[in-house]
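Novice: Make the full structure from the sequences, and use the hints.
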Amino acid sequence: MRPRGGVQWTLFGLFLVALVPVVGERYYVDLTTQILIYALFALSLNILVGYCGNLSFGHAAFFAIGGYACVILTTTYEVTLIISLGLSVLISAVAAAAIGYVCVRLAAMHFAMLTLAFSMLVWSIAIKWTPVTGGDDGFVGATLPDLISNPVSFFYFALLIFSTGLILLRVICTSTFGRAMIAIRENETRATFMGMDVRKIRLQAFTIAGAFAGLAGALLGLYNRGMYPESAFWTESGQVLIMVLLGGMHSFIGPVLGAAALYILETMINQYTEYWQIVLGVILLGVVLIAPDGLAGLLSGFRKRKDDSVTGVDSE
Amino acid sequence: MFGIYSKARRVFALEIIALVMGLGLFSAPSMSADTIKIGVLLPTSGGGASYGIPAENGIKLAINEINQAGGVNGKMLEYFIRDTKLKPAVASAAARELITKEGVHVLVGAVSSGVTLAMSEVAKQEKIILFAPISKSIALTESKFHKYMFQSSANTNIEGRVMAGVMKKVEAGKICATGYDYAYSHDFFASLESNLEEGMAIVDTFYVKLGTKDYNALISQLMGSDCDTVAGLIWGGGFVSMVKQANPFGLFDQKKFVWGAEVGSHEMSNSLKGDYPEGMWANSYDLWYSPLSDAHQAFLDDLAELEGQKETNMYPVTTYNAVKFLAKAIEISGGTDSDALVTALEGMAMETPLGPMTIDPETHRTETGEFWGPMKKIEGSDVLRMSPAEYVY
Amino acid sequence: MILNVENTSRSFSGFLALDNVNLQVAEGEMHALIGPNGAGKTTLFNVISGLISADTGTVSFKDRELSRMKPHQIVEVGIARSFQRVNVFPRNTAFENVQVAFIARNREHFKIFAAAYGKYTQEIMELLILVGMADDASTPAGELAHGKQKQLELAVALAANPALLLLDEPTAGMSIAETMSSIELIRDIVKGRNLTLLFTEHDMTVVFEIADRVSVLHHGQIIATGDGETVRNDPEVRRVYLGTEESES
Amino acid sequence: MFIQLMNSLALGMNLFIIAVGLTLIFGVLRVINFAHGSFFMIGAYVLYSVVKRTGDTALGFWGGIVVAMLVLGFIAWLVERFLLRRLYDKEHLLQLVFTFALVLIVGDLVKIIWGPLQHSISYPPGFGGATDLGISRYPTYMLFLILSGPVIAVSLWLILEKTRWGRIIRAARLDRQMLSALGVNVKAVYSAVFVAGAMLAGLGGALAAPRLAVEPGMDALIIIDCFIVVIVGGLGSLWGSFFGAIILGVATIFGTLIFGEWEIVIVYILMVAVLLWRPWGLLGRIEEDRH
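Protein chains in written order, with our numbering: chain H, 1 to 316; chain P, 1 to 393; chain D, 1 to 249; chain Y, 1 to 291.
It is possible that some hints are incorrect.
No more than 30 Å apart at the CA atoms, straight line, and that leaves these computed lysine-lysine pairs for BS3-like [what the hints assert, rightly or not]:
#, chain 1, residue 1, chain 2, residue 2
1, H, 200, D, 191
2, H, 200, D, 119
3, H, 128, P, 144
Hints in this document: simulated from the structure, not taken from any laboratory.
Specialist: Okay, here's the thing in structure tokens:
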């Protein structure tokens with residue numbers, strides 16, 4: 001990937017997004033804030049899925065951990081915002097490292113299923129640990145510093161966090177570590193015989209992905225002034241996977257597109273019909289069958305070559 | 001450089017922006033003319049559909065009625081419904097969208113208390129009234145109370161008290177309590193316990209997780225307890241499953257049963273038919289076969305016409321009343337300013353199909369009752385009915 | 001001896017793929033491992049490189065025991081390998097294929113803030129020039145001709161800076177002309193860089209042309225080791241290769 | 001205690017009947033089918049429609065189960081033949097999203113066809129009461145479930161072990177390429193397995209229906225349990241899911257009795273623990289399934 005190609009465009013894009021509160025109504029400010037949060041979440045997952053080739057089905061666990069950590073810290077313990085944010089990222093990263101340590105021993109579907117198991121464990125704990133998490137009703141009524149308590153200032157706050165996340169993730173993806181992840185995705189055996197400790201690299205990717213998911217979760221918790229167990233449920237992991245798919249894996253910016261498209265789509269269909277499920281379902285079928293490279297693939301008109309040869313694992 | 005790097009798929013930020021804007025414009029605010037807009041948040045898909053879809057009928061009926069009578073202060077009412085998907089985060093986002101995009105003046109909803117609590121945060125921030133006709137959690141108007149929150153449901157305080165009255169009637173003796181493991185059941189039983197008469201007590205409490213499908217463990221626990229009466233709060237499909245699984249064990253012949261959570265509704269007895277445990281005391285928001293007054297009968301007739309069936313659902317009356325309260329407040333205050341509406345709603349008394357209701361100016365709650373009575377088989381039908389049904393609060 | 005395989009056996013669900021193998025490779029030599037299909041050559045490579053573990057026996061490299069090491073640790077101590085079937089990153093360019101190998105060699109695969117762009121350009125281009133692929137740097141590996149992909153694999157293996165190179169059928173699927181030029185290239189590189197080479201090869205002309213020593217593997221056993229002449233005249237080897245036994249299939 | 005053991009078995013066998021189709025499909029097609037819960041739901045609803053027409057007769061109930069299976073077989077055939085087939089050589093993620101899309105579509109279709117309210121199906125005639133087992137009386141229908149679990153498991157095992165089709169399916173689990181090299185119509189095998197898996201889901205839905213509320217959302221409730229069963233048992237393993245189901249049954253019943261409402265956490269801890277101990281599940285095959 002060329003790190004320079006598109007930097008100007010990305011900056012320009014962020015600049016345009018920054019104009020939303022200036023030109024758009026309040027609704028668009030809210031909508032964009034929500035999209036930014038989910039876009040960051042999707043970007044973090046794409047580290048694992050798109051770059052490292054690990055299909056995680058429990059990524060929401062870290063989203064929820066970050067979110068709960070942040071609202072609990074700011075509200076229950078009255079920790080200042082910046083420290084809460086930092087700590088929630090740290091907590092998600094530690095959780096991801098611990099869970100990842102176990103999960104990266106497995107490959108493909110077994111990996112996906114174990115991550116699913118862990119995320120459901122996190123979900124059940126969020127529901128049952130009522131004194132801390134608020135239990136089934138969720139943690140309602142988080143406090144926010146005045147500085148970011150109005151929609152526009154929160155929007156810029158979210159945009160700042162998102163941009164930082166985007167740039168950091170971009171740096172990580174174009175780093176030597178990023179190259180190593182791609183190598184593992186393309187051909188794990190070959191990467192091993194280049195001298196890479198594949199498990200450790202996968203664990204590092206898992207931890208980084210978890211940390212950024214936690215950051216996105218923290219933003220969501222602040223935005224909603226609360227965190228709910230649903231954010232750890234398997235459907236949330238499914239939704240963010242769909243975002244990644246919709247936007248296009250193997251593309252850095254694709255998940256941002258996917259998050260925007262899915263979020264807007266869901267909101268829109270809900271506005272027009274009670275039968276949003278059927279409409280969304282048909283659209284997803286269409287994407288999967290007609291445009292499996294997602295929006296990024298469609299937009300750039302780039303057809304991925306058949307990747308039959310990618311798997312070439314040498315054996316006897 | 002000279003192309004030594006594989007071609008990353010380049011997506012131009014501009015294209016992203018174009019796409020987002022394009023999709024965004026699609027959903028440009030619907031600027032319908034000068035109407036009063038009500039934002040409605042109900043679960044209309046998945047497991048929540050059985051509550052949300054009937055509840056929407058009450059909104060429709062109230063709005064039709066008001067508009068046919070010329071609207072409020074000359075303005076027509078209009079409602080915008082969003083599916084909460086039973087998810088708090090989805091509901092808060094939808095509530096915000098209704099306020100900022102559709103420009104709704106008031107919010108009505110939702111069903112599950114967790115979802116309503118999340119929406120209440122939005123209402124608080126946006127200074128828009130949230131009227132909760134179904135959610136029973138007392139937290140809405142207690143620990144998480146704020147000025148713009150109103151609750152017209154039969155809340156857990158009232159319900160616990162009313163059930164205590166029923167317990168007296170059935171001479172309950174030792175009681176074991178069972179319900180889903182969440183705030184509603186916990187609050188309800190706390191209220192029940194504090195209202196029980198001398199000589200009655202809750203001796204065992206068994207909680208099961210929300211969404212349980214297999215009730216065998218619970219059934220054994222209930223059969224093993226030496227209580228005389230079971231106080232139950234398992235609702236909806238869970239109640240159906242529980243009853244179906246308990247019948248072969250003969251559980252319902254063993255003890256007396258008093259069941260809250262509106263399992264006395266016609267919908268429930270119609271779905272269980274002959275499998276419904278006869279003699280169980282149950283409750284319901286509304287009963288199509290048990291009109292309280294001419295006004296109630298008129299309401300039921302109108303609803304029957306709207307739903308296309310004589311056996312109407314129980315949920316519509318709750319949302320119907322909510323819309324009526326709000327419309328009256330708008331009429332009195334002469335506009336849609338939230339603070340003026342709050343002032344109008346506080347202490348407001350209104351004639352509803354179920355009799356007079358008053359909003360307490362302090363607590364923002366109403367004294368809402370429910371129909372209570374034992375479920376009996378009737379001639380010529382396999383659907384049980386509450387008989388005699390009494391409206392109590 | 002730089003590589004010492006002692007009494008190594010490995011079976012796959014009852015089938016004995018390696019049967020008490022002993023093999024010594026001296027520093028600086030070019031050692032060919034030959035034998036009919038299914039003789040266990042690739043299995044032996046896999047055991048040495050750590051992809052699979054042996055049931056019994058030891059493998060040591062520069063007097064270090066390899067059996068408990070993971071594949072990537074074995075690469076670190078100085079053994080690089082190629083694969084019989086082409087095994088590159090098909091969607092990445094030749095340049096990138098080699099670059100990843102450099103990153104791994106310099107233990108930079110954990111560095112999240114070290115930009116990969118432009119890294120090792122000079123070293124990579126030198127290597128590509130060395131294997132005769134200077135013009136193919138920007139071609140995705142999957143689009144290269146088969147012979148070129150084999151050469152790319154060689155470059156990738158070299159990038160790890162090994163002391164011992166394990167090449168599994170380096171000329172498989174090549175034309176005669178390609179085979180000759182490629183084998184000369186390998187010889188030049190190995191001699192020029194003072195490497196040790198252990199390779200398997202089906203083309204006997206090639207084997208006897210370049211190998212200093214040859215070992216013959218048959219039914220999982222080493223049946224002969226020695227210089228070309230010795231092995232060629234070994235009665236057991238002649239029996240195996242000249243078909244007095246029907247196990248050739 | 002005896003009753004609780006029976007309860008665990010009944011729940012376990014009920015789950016096994018539902019989940020076995022999921023593991024069968026994964027074993028051969030390598031697809032995690034999220035729509036399995038939807039197939040289960042359709043099975044229950046179709047049975048409801050049949051019983052509603054026939055009344056509570058034995059023929060209506062047992063015939064309805066056959067109808068439910070046939071309907072699902074047909075739906076699954078359509079889905080496999082015209083849609084899923086295009087995705088076998090694609091990434092896992094596409095297949096997951098595909099089945100997830102089916103979940104959404106079926107969820108709405110069921111609501112449109114059968115309405116949002118709960119329905120209920122009575123026990124078939126003769127199965128509504130309890131049977132005296134000497135030690136205690138126990139619901140007849142649950143005894144029937146306890147017995148039908150092993151019967152289904154053994155018949156599937158016999159089909160897999162003893163018939164030509166079974167041999168082909170087992171071979172397809174191990175090596176697809178080899179199979180097509182041997183001249184077997186692999187496409188037809190896949191089709192058949194998907195149809196069979198869906199029919200088993202329908203059977204599971206229909207058999208479970210008398211004990212459950214038939215309502216929208218029942219798909220989402222069951223799918224997680226199915227996943228736990230097949231993951232704990234080992235993806236693709238018939239007997240694995242059999243024992244996985246029994247373990248989940250025991251964990252759920254005794255978890256509730258011992259830990260009360262904390263049972264929900266216990267079940268997931270157990271699942272994680274099994275996977276830590278045996279990453280491929282109890283009877284799963286260790287495999288290098290890179291994609």
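Novice: Each hint needs a verdict: does it hold in this structure or not?
Specialist: Results of checking the hints against the structure:
Distance hint between residue 200 of chain H and residue 191 of chain D is unfulfilled; the C-alpha atoms sit about 35 Å from each other, more than 30 Å. With a C-alpha separation of about 22 Å, the suggested pairing of residue 200 of chain H with residue 119 of chain D holds against the 30 Å cut-off. A hinted pair counts as satisfied when its Cα atoms are at most 30 Å apart, and residue 128 of chain H with residue 144 of chain P qualifies at roughly 20 Å.
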